[in-house]
Amino acid sequence: MPKRKVAALEKIDADFANLQYKIRRDPKSYIDDFRRQFDQYESQREIFLVSPAAASSEQVESFQNLIDLIAHVADCYPEETASFPDDLKTILSQHHTVLGSELRDKIVGSLMLLRRKEVIDSANVLTCLFPILVASPSKSFRAVLFGKILSDMRNSNTKAINHPLNRTIQTVLYNMVTADRSSPRAIWAIKLTRELWKRQIWTDAKPVDVMKEACLSDNEKVAVGAVRFFLGGDKEREELEDESSDEEVDLSKIRHQIGINKKTKKQKKAYEKAVDKVHRAERKKNKPHPLNFSAFHLLHDPQQFSEELFSKHLQNTKAKLSLDSKLLVLQLVTRLVGLHQLTIVPLYSWFIKFLTPRQQSVTSFLASLAQGTHNLVPPDVLEPLLQKIANEFVSEASAAEVAAAGLNSIREICARQPLAMTDTLLQDLVQYRKSKDKGVMMAAKGLLSLFREVDPELLKKKDRGKDATIGLRAGTLKNMKFGQEESGGIEGLELLAKWKEEEKKRKRVEKGLPETAGSDEENKDEDDGFNSSDWEVESDDSSVSGDWVNVDHSDDEAPAPKKRKGGEEPSDDEEENEEDRAAELERMAKLATTTILTPADLAKLQELRTEAALERAMGGKVRKGHSNNNPAARHLDDGVTAENIEAPARLRKLTKEEKVALAKEGKPEREEHKSTRAINKSKKDAAGKSTSNREKARKKNFLMTLGKAKSKQKRSLVETRKVLRGHIDRSTHGGKRRNGT
Amino acid sequence: MGSSAKKKKEKAKDFQKPKYKVGKAKPKASNFTDTSFKSKSIVMGHQSLSTVAPDVTQQFKHNLSLASSAKSDKQRQEALSYLTTQLSSEPAVNPLGAPLLLSKLLPLVSDSSTPVRAQLLKLFRALPEDEVRHSTEQAILYIRAGMTHLSADIGNDSLGFMEWLLDIADEDLVRCPGGWVKTLNTFCAMLGWSITSKKDGWTSSGAAQKVARGKVAQNQARCLEALTKFLRAGFQPETEMVSNPRAADDNLYRIPREPSAFAYLNLAGPRRDGDAEMYLDRESRQRVFHKRFHESISRGLEQTKKEGGSTGRSAATLSQLLLGDEGMGDYEPSGAIETEDLLELW
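So the protein sequences, as listed, match chains A and B.
With the UniProt record's numbering applied, the first sequence covers 1 to 741.
With the UniProt record's numbering applied, the second sequence covers 1 to 346.
No lab work stands behind these hints, which were simulated from the structure alone.
Treat the hints with care, as some may be off.
Each computed DSS-like pair below joins lysine-lysine, with the alpha-carbon atoms no more than 27 Å apart [as the list claims (entries may be wrong)]:
#	chain 1	residue 1	chain 2	residue 2
1	B	K305	A	K28
2	A	K28	B	K291
3	A	K656	A	K674
4	A	K28	B	K61
5	A	K235	A	K277
6	A	K664	A	K696
7	A	K500	A	K466
8	A	K708	A	K684
9	B	K40	B	K24
Just a few of them, taken from the derived set where beta-carbon distance is under 7 Å, the chain B residues facing chain A [unchecked claim]:
#	residue
10	T33
11	L100
12	R144
13	A145
14	T148
15	A189
16	G192
Remember, it's a predicted structure, so these values are computed and weren't measured experimentally.
Even for Gly, the Cβ is constructed at its ideal location relative to N, Cα and C.
Take these sequences, add in the hints, and give me the full structure.
Here it is as C-alpha cells:
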C-alpha cells in the first residue's frame with residue numbers, strides 16, 4: 001500500500017524530530033510527552049504483535065518512527081525504558097522472518113544505537129544478533145547483521161582490547177562450530193573469525209582453535225573456508241597492513257598551501273589531521289611486525305590436528321570433497337608437516353597413486369609433496385616416490401613440460417631430504433641437462449647444482465665441479481647423516497665483526513694512534529665499546545637508512561642455519577682457504593661469545609645483511625630466472641606452490657601481451673606515441689607545477705602581442721637605443737630586470 | 001570577419017532543395033521522429049467486462065476496501081458513509097459480519113483526517129452491540145493507541161471511541177486481558193498524572209502545574225468524564241447470577257455464549273505480565289487500582305479540582321465516585337495473595 005499523504009497540520013504536531021530534539025535538551029520537563037509516546041509505542045507494539053506479518057505499511061511506519069524516537073532518547077529515561085531493549089530483542093528474534101526489511105533494519109539499528117549509548121552491553125546485543133544471523137533466510141538481512149556485528153566488535157576493541165567480550169564471542173563461535181559438524185551454519189563463525197583476524201582484533205590462540213575445529217567439519221564449505229584461512233589469513237592481514245600504511249601525507253605541501261590560501265578553521269583542522277596521521281604512521285613504524293605469531297604457530301598440537309585432517313578428508317575414501325578442496329586440505333596438511341617437522345608416515349604412501357602426468361593439477365600434488373618433506377622424514381619412505389616421479393614424468397617420450405615439472409619437484413624434495421636420492425637415479429636425471437628444451441635443461445641443471453652442494457659423492461666425477469672436488473679432497477664437505485643437525489650461528493655476524501674492526505681502526509686514526517693496538521690497549525677499547533648511547537637504535541647515526549634498504553626481506557626473518565655456498569669465496573690456495581675459514585670461525589665465535597649484542601648492533605647487523613644481499617644481486621651472480629626458484633631465498637613460512645614446480649615451463653608459454661608487459665616493466669608509462677618531452681610535460685602538469693617563462697611566451701595569445709609589435713615600429717631612435725642598452729645591461733646582471741627598467 | 005563565409009554557407013544550406021532520386025526513398029526531414037515499435041504482445045489495462053451491475057455484496061466489499069485503503073480523505077469518508085447507510089438501513093445489510101468489518105476499520109481510529117474519524121464513529125454506533133462485544137479486546141488496542149497519539153485531535157476523538165465502547169461493552173472491556181491496567185495507564189499518561197512517585201523532594205513539574213484553558217481544558221474535562229465512566233464500569237458490583245437449575249448441564253453440554261469464554265486460561269498465546277493480566281472480578285480490580293493508581297490519581301484529582309471550571313467539576317464527580325461506596329469506599333486492603341506476587345514467584 002502506498003504512503004498516505006500527511007496533512008500539513010498533522011505534520012506540525014506529529015513531528016518526532018522536533019520532540020526528540022526537545023527531549024534531548026531538557027529531559028526532565030518533557031517527561032510527560034515522553035511517557036505518552038512510550039505508551040503509544042506500547043499500544044502500537046501490541047497491535048503489531050497481533051499480526052506481525054499482515055501489518056499495514058502505515059502501522060509499520062509509525063511503529064518504526066516510535067522505535068526510532070525511543071531509542072534515541074532511551075538514555076535520558078533509563079527507568080521508563082528498562083524493558084525497551086528486551087522488547088526489541090524479542091520482536092527481532094521471534095519475528096525476524098516475517099518483518100519488513102525496513103522495520104527489521106530499523107530495529108537492528110536501534111539496538112546498535114542503544115549499545116552505543118551504553119544502555120546495553122555488547123555481549124547482550126551480539127548474543128541476540130548472532131543466532132539470527134545464522135538462521136535468517138534473507139541474504140540482505142544477513143549482510144546487514146554481519147556488518148553490524150563486525151563493526152560492533154571493532155568498536156568495542158578500539159580503545160583497549162575487550163577481553164571478556166572477545167572470550168564470550170569466541171566461545172559462542174567455538175560452540176557453534178563444534179555443536180553440529182555437518183551443518184553449514186558454521187560458515188558464519190569462519191567469516192567473522194577471519195575478518196577479525198585480518199584486522200588484528202583477534203590475535204591469540206582461541207580463534208585459531210575455532211578454525212582448527214572448523215577444518216574438521218563434515219561440511220565441505222565450512223572445512224574449505226577454514227583451510228583457506230590457514231593458507232591465506234596471514235597474507236591477508238599483511239596486505240591490509242600495507243594498504244593502510246600506503247596513504248602518505250605530504251606535510252610540507254599542506255603547510256605551503258596554508259601559507260598561501262585563506263586561513264580558515266577548516267584548513268587548520270585539515271592540517272591538524274594530517275599531522276596526527278603522520279604521527280600515527282610514525283608510531284606504527286616503531287611497532288613490532290603484525291605477524292609476530294602466524295596462525296600456524298599459534299596452533300595447539302599440530303601433530304594430532306594434521307593427522308586428523310589427513311585421515312578425515314584425504315585418506316578416508318568416503319570423504320566426498322571435490323578435487324580443489326582436497327588439494328587445499330592437502331596443502332594445509334603438508335604445510336603443517338613441513339613447518340613443524342611432523343611425522344605422518346601414511347601420507348607419503350598415499351601420494352603414490354596421484355603421481356602420474358594424467359592426474360588433474362598434478363603440479364599442485366607435486367608441490368604439496370615437496371612441501372611436506374623435511375629432513376626428519378625417513379629416506380626409505382621417499383625413495384619409491386622419487387622413483388615413481390622419475391619413471392612417470394622424466395623420460396624422453398614425455399612432453400618437455402612434464403619432464404621439467406618432474407625434475408623440478410625432485411629437486412624440491414631433495415633440497416629438503418637429500419638422503420632420499422640414489423646415485424644411479426641421480427646420474428640418470430642429471431643427463432637431462434643436455435636436453436634441447438630450455439625448461440628441462442634448467443631443471444636438470446638445478447638438480448645438478450643442488451647435489452654439488454649437498455652430496456657431490458652421488459654425482460659422477462666429471463659432474464662434480466671444481467669446488468665440490470676440492471672440498472671432497474680436503475674433507476671440508478661432509479654429507480649430513482639422517483637426523484643430524486647443523487650447529488647454527490648468527491647469519492651475517494662476520495660482517496658485523498668486520499665492520500666493528502674497521503670502525504675501531506677509524507677511531508684510532510682520528511685520535512692519531514697507529515692502526516693496530518697493543519694487547520693491553522685492546523681490552524680497554526672493548527670496554528669503551530659499551531657506552532650507553534650505543535644501546536639505542538636511534539642514537540647510532542650510521543643506522544639511518546636510505547630508500548634502498550628495504551630491498552630483500554625474504555631471508556632475514558629467522559637466524560636459520562644456513563648452508564654456505566662453496567663458490568662464495570673464491571680461493572685458489574687450499575691451505576690459505578682453510579686458514580681463513582678457521583680465523584673467521586674464531587672471530588665469529590669471539591664476537592658472539594664475548595659480547596652482548598645491543599639493539600644498535602642488531603640494527604647494524606640487519607643493515608649489513610641487506611647491503612650484502614644487494615651487492616650480491618648487483619654483482620649479477622644470481623641468475624634472473626633462477627632467483628625465484630632458489631630455495632634458500634624463500635621464506636620458510638611461505639611453502640611451495642605449483643608455480644614453483646611449473647615456473648620454467650611457464651617461460652615458454654607466455655602470450656604476446658605478457659611478453660610485452662615484461663619488457664615494459666620499469667620503463668616510463670607511454671600510452672600513446674608522444675615525445676619524451678611531451679610526456680614529461682604532462683607529468684609536470686599533473687604534479688601541479690607551473691610552466692617556464694619560455695613556455696608562457698610561446699603560448700601567449702597572438703592578439704595580445706600585436707600591440708607591442710606595432711609600437712615597436714614607431715619607436716624613435718632614442719627609445720630603440722634605450723631598449724638595446726637595457727638588453728645588454730640585463731645580460732650582464734644575470735638576465736633580471738630591476739625595478740623600473 | 002573571418003567566419004562570415006562559413007556562416008553564409010551554413011545559412012544557405014537551409015534553403016537548399018533536397019534532391020529526389022528515382023528508386024530511392026524520400027530523404028527524412030530533419031525533425032523526423034521514429035514512432036515505430038516492436039512488441040511481442042499488447043496488454044490492455046484492466047477492464048470490467050460484466051454486463052450486469054455489481055450486486056450489493058460486491059459493492060459493500062468494494063467500499064470497505066476503499067474505506068480502509070483509499071488515498072484521498074474524501075474517498076475514505078464517502079466509502080464510510082456508504083457503509084453506514086447500509087448498516088443502518090432497516091434490515092441491516094452486513095454481508096461480512098461485524099468482527100471482520102471492525103478488524104478492517106479499526107486502524108482508522110488514528111486516521112489523520114477529522115471527518116473520516118467522525119464518520120467512523122457514526123459507523124461504529126450503527127453496528128449491532130452484541131456482535132461488537134466479541135471484538136472488544138481488539139478494539140481497545142486501537143483506541144488506546146489513538147488516545148496517546150502525538151496529534152491532540154486524534155487523541156480527543158479517540159475518547160469518543162472510548163465512550164462508544166464503554167456504552168456497549170463496558171463489562172467486557174474491563175475484564176479483557178490488559179483492559180483494566182493498561183487502559184488506566186493510558187488515561188494517566190493522557191492526563192499527565194505520573195504513576196511513578198517522585199523520589200526527589202521537588203514538586204512535580206510538567207502538566208500537573210499547568211492551568212489548562214480553552215480547548216485544552218475542555219479536552220481534559222472530556223477525558224476525566226471518560227475516566228469516570230471507565231472506573232464506574234470497573235467498580236460496578238457483579239450482578240447476581242440468576243440461579244439456573246440446569247447450570248451444571250449447560251456447562252457440560254452447551255457451548256458458552258459469552259465472548260472468549262476460556263480466555264482466562266490463556267491456553268494459547270504468550271505469558272502475560274502484570275499489565276496484560278485479566279482482572280475478572282471487582283475485588284481484584286480494586287486491589288490493583290489501590291496498589292498502583294489510587295495515589296497518583298487522587299493526587300492529580302486534588303490538583304485538577306483546584307482549577308475549577310468544567311474540568312474541576314468533572315474532577316469532583318470522579319473523586320466522589322472514588323470515595324463513594326460504588327468506588328473504592330468499601331475496599332479494605334487485605335492480605336490475600338495477589339496473582340502478581342504469584343507470577344513473581346513463578
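Which earlier hints turn out false for this structure, listed by number in ascending order?
-> 4, 6, 7, 8, 9, 10 and 11
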